[in-house]
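A.B. asks: For reference, the chains in residue letters:
There are 2 protein chains.
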Amino acid sequence: MSLYLEDLVVGTQYVSPEVTITADEIIAFATQFDPQPFHLDAEAAKTTFFGGLAASGWHTAAITMRLLVLYGPQIAGGVIGAGGELAWPSATRPGDRLHVRVTVESVSASKSNPSRGAAVLKVETLNSDDELRQLFTVRTLVFARPQ
Amino acid sequence: MSLYLEDLVVGTQYVSPEVTITADEIIAFATQFDPQPFHLDAEAAKTTFFGGLAASGWHTAAITMRLLVLYGPQIAGGVIGAGGELAWPSATRPGDRLHVRVTVESVSASKSNPSRGAAVLKVETLNSDDELRQLFTVRTLVFARPQ
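Line by line, the protein sequences are chains A and B. Following my numbering, the numbering of the first sequence begins with 1 at its first residue and continues without gaps. Following my numbering, the numbering of the second sequence begins with 1001 at its first residue and continues without gaps.
Read the hints as simulated data drawn from the structure, not as lab findings. The C-beta atom is built at its ideal place from N, Cα and C for all residues, glycine as well. Treat the hints with caution; some may be incorrect.
What the hints assert, rightly or not - Distance ranges between label pairs, derived from CB positions: (1) B/Val-1009 to A/Val-9: 44 to 54 Å; (2) A/Val-9 to B/Val-1019: 36 to 46 Å; (3) B/Ala-1118 to A/Lys-111: 16 to 26 Å; (4) A/Ser-2 to B/Gln-1013: 37 to 47 Å; (5) A/Ser-90 to B/Thr-1137: 15 to 25 Å; (6) B/Ser-1115 to A/Ser-110: 47 to 57 Å; (7) B/Asp-1129 to A/Asp-130: 40 to 50 Å; (8) B/Asp-1129 to A/Glu-131: 40 to 50 Å; (9) B/Ala-1087 to A/Ala-28: 50 to 60 Å; (10) A/Ser-2 to B/Ser-1115: 48 to 58 Å; (11) A/Val-9 to B/Val-1015: 39 to 49 Å; (12) A/Thr-31 to B/Ala-1082: 17 to 27 Å.
Using the sequences and the accompanying hints, generate a full structural model.
C.D. replies: Below you can see the structure in the form of structure tokens.
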């Protein structure tokens, strides 16, 4: 069921199932997009700030997006993010079982264009010990129900 | 040459070479991390908000990180981002040749821990027509030169 602007209710929450991230996946992602020792090599990572292998924050973000798309609000026209505030309070580690908790923070109609509006979603990425790996507060484009 | 906190100068800029993004790469990334029609299928994308195939914002972000790591400031201990403000003013398209322009926005020592500080980097991702595809203003951890 596709959700239009009128269907979104502030405070609604969505909690995804868990997905496990492996060392091999961390290394493969980092090799392509974030080639730094603490993301590439468990041994080399020991002497870095992280003290061991850590996932690229962008890997955490990408996994989060998959969970948001599959298990977050099923917005008509898709999840279209304009931007937002991103924070990585702690690094994702090999073996982390990540899930996403999405909260509808605000919903507003556009003043200039009645066919659309905006929703702010708080997207928390947590491991199974409820350690916060990422917080993304994103402004999304949402369409009004066609008249 | 690794840069410590004392070496970073506000206003310094770094401009990366270009990297071309293909439709196949857009679809492969989205299949894994952002499975929505406008990122997966050029034909299906025509009737969406984007009007054609568009890269996931997280794909733009991941490519940006690679360019930042390789061609941005070579910070001692690596590029360690705590978070920041992310915006996608326009979507990356197949065939875009992306480059990154990094500007050192601010540098500050930690008040509580003299061994470290923070730098704010403005990271702009542009195509060859200078269209801004992503703006990321990131707070990074930077170490002071060991005494």
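A.B. asks: Next step is simple, just say for each hint if it's right about the structure.
C.D. replies: Now for the hints, and whether the structure bears them out:
At about 49 Å, the beta-carbon gap between B/Val-1009 and A/Val-9 stays in the expected band of 44 to 54 Å. Look at A/Val-9 against B/Val-1019: about 42 Å separates their beta carbons, and that is inside 36 to 46 Å. Our hint of 16 to 26 Å for B/Ala-1118 and A/Lys-111 is violated, since their Cβ atoms are close to 37 Å apart. Between A/Ser-2 and B/Gln-1013 the C-beta distance comes to about 44 Å, which sits within the given range of 37 to 47 Å.
The supplied range of 15 to 25 Å is met by A/Ser-90 and B/Thr-1137, whose beta-carbon atoms lie about 21 Å from each other. At roughly 48 Å, the beta carbons of B/Ser-1115 and A/Ser-110 sit within the given window of 47 to 57 Å. A beta carbon spacing of about 45 Å between B/Asp-1129 and A/Asp-130 agrees with the range 40 to 50 Å that was offered as a hint. Take B/Asp-1129 and A/Glu-131: their Cβ atoms lie about 42 Å apart, and the range 40 to 50 Å holds.
In this structure, B/Ala-1087 and A/Ala-28 break the distance hint of 50 to 60 Å, their C-beta atoms being roughly 28 Å apart. Between A/Ser-2 and B/Ser-1115, the C-beta spacing of about 52 Å keeps the proposed range 48 to 58 Å intact. Take A/Val-9 and B/Val-1015: their Cβ atoms lie about 46 Å apart, and the range 39 to 49 Å holds. The supplied range of 17 to 27 Å is met by A/Thr-31 and B/Ala-1082, whose beta-carbon atoms lie about 23 Å from each other.
The structure is inconsistent with the numbered hints 3 and 9, although it conforms to all the rest.
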